[in-house]
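S.K.: Sequence:
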Amino acid sequence: MLEVDKDKANSKAWPFVEANKLLNKFRCKDPDKGYVLFETGYGPSGLPHIGTFGEVVRTSMIKRAFEEISDIPTKLICFSDDMDGLRKVPTNVPNLKMLEEDLNLPLSKVRDPFNKFASFAEHNNSRLIAFLDKFNFSYDFVSSTEYYQKGLFDEALLKVLSSYDQVMSIMLPSLGPDRRKTYSPFMPISKKTGHVLQVPTLEVNAKRGTLVYREPDGEKVETEITGGNVKLQWKPDWAMRWCALGVDYEMYGKDLIPSSDLAGRICSCLGYAPPELFNYELFLDKDGQKISKSIGNGLSVNDWLTYAEPSSLSFFMYQKPKTAKRLFFDVIPKTVDEYHRQLKSYLSQSNAEKLNNPVWHVHSGNPPQSDLSISFSMLLNLTSAAGAEDKLTLWGFIKKYNCSLSPESNPTLDRAVDYALAYYKDFVEPSKIFRLANQKETLALRALASALRESLPENSEPEIIQKTVYSLGKEHDFEPMKDWFRAIYEIVLGTSEGPRLGGFVKLYGVKRMAARIEEALAGKLI
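Going by my numbering, the sequence shown opens with residue 11, and the numbers climb by one from there.
Read the hints as simulated data drawn from the structure, not as lab findings.
Mixed in with the good hints, there may be bad ones.
Subject to a maximum C-alpha distance of 35 Å in a straight line, what follows is the list of computed DSBU-like cross-link-like pairs (lysine-lysine) [as the list claims (entries may be wrong)]:
| # | residue 1 | residue 2 |
| --- | --- | --- |
| 1 | Lys22 | Lys332 |
| 2 | Lys364 | Lys22 |
| 3 | Lys364 | Lys18 |
| 4 | Lys332 | Lys35 |
| 5 | Lys409 | Lys442 |
| 6 | Lys442 | Lys401 |
| 7 | Lys22 | Lys296 |
| 8 | Lys217 | Lys230 |
| 9 | Lys18 | Lys144 |
| 10 | Lys435 | Lys126 |
| 11 | Lys492 | Lys401 |
| 12 | Lys364 | Lys300 |
| 13 | Lys296 | Lys107 |
| 14 | Lys22 | Lys354 |
| 15 | Lys409 | Lys477 |
| 16 | Lys300 | Lys107 |
Please put together the full structure from these sequences, using the hints given.
M.R.: Structure, rendered in structure tokens:
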């Protein structure tokens, strides 16, 4: 038996809390299959979104924590429900008319609107696999179509058939009156059209392993339920999967709590204890709407990776899984800076504190040292104030700030410069709005420009500069003081928020900042 570190056993970090809950199921007996199985699932009816990625990240963190407190082997599968029928056409892909023609076909038979893969499902599966591989996850990818057609679900499907009445008694009360009249947990795959049919089951023949249904044209058909001839409705399918694969742990979005309850009851009637479950809050777009793969709102994984390093995205996913998260571009700079702040804190923390630090979980217990000596937010403001168009210009400012910094010795900072330039050009520059100063602000800003030009040498330390800015705000009766700093940001930098000014002015240049304030007061920045 593995001797568990006390700090890991008692850690309040949520992956360890979840791992300990799961381990309690195996205190007396290891799983019969010889390993603990973690599952994540998604439907490839649209381009995979960042929420799907987040589910894999978080599940991998729990899996890693479990491995720290147990010597039971683990596996992670990413399950694609690619045999489900295409019920509606996503709006964020080309060739919509072609997809309309393929409605109700299994996703693995729907043509790829991008004309790159054999099917729409294969296209979306490939995208997801590429994302996961970029982050070096250890997982097995499982296709629903493959498992149905190869008979790997046959035994569990026959259990569902023999438990047909019980499954119906669980499902029917959850449906509306009209849906109850036509509902069946089994959806036959039509031999005539290839469609996944949502039709009533007329007869159940458990001994023969068949059911009888009626085709849309009226023909009565008896079909075997094995070998890929049917597809289960997704809630019974979820339960069947837990049973067939022996799933021990799965997480899902808060909106699926009622569905998970139904799946758990079906799983029990099939003779398998439901897995340990964890529901997380939803990912929202900038308007507070749930992100959707069929609409394409919110950020994609590629969007994030255009403007920030991969580890910062995993860091974002770690934080507060029980709190709803807005996934839009404004969260990126703050997340990057907080990620590097935690990396720097990690070095001096106790063992127990390190286990509670998100970067332990982001990097599987071995986080790197951070060489981001200038915050991402500061780089963005420097890019904005300097009007920098290339790395050479930005690095010129950075080296004046600290001559020991270089792209070669600070690769993380060098990559952050690239990200900052991309982020600035796409989001900051188009939205910059300068305003004129009012009389009170004009007097205070003139005093600040004078102090920077006449009283502070170019090599002044950030804290001295910060103290000067603060004192002048007090002298000119700004209350609260945030109004003074906001005025500087809006009038001089063209943004409503900004960096700590002491460090920014040091980086930008004391005399250069004085000149910029004077230009702002003269209306030259508008």
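S.K.: Each of the hints needs a verdict: does it hold here or not?
M.R.: For each hint, the structure was consulted:
no. : hint               : verdict
1   : Lys22 with Lys332  : 14 Å, holds
2   : Lys364 with Lys22  : 11 Å, holds
3   : Lys364 with Lys18  : 10 Å, holds
4   : Lys332 with Lys35  : 23 Å, holds
5   : Lys409 with Lys442 : 26 Å, holds
6   : Lys442 with Lys401 : 21 Å, holds
7   : Lys22 with Lys296  : 31 Å, holds
8   : Lys217 with Lys230 : 20 Å, holds
9   : Lys18 with Lys144  : 28 Å, holds
10  : Lys435 with Lys126 : 31 Å, holds
11  : Lys492 with Lys401 : 32 Å, holds
12  : Lys364 with Lys300 : 33 Å, holds
13  : Lys296 with Lys107 : 30 Å, holds
14  : Lys22 with Lys354  : 21 Å, holds
15  : Lys409 with Lys477 : 24 Å, holds
16  : Lys300 with Lys107 : 26 Å, holds
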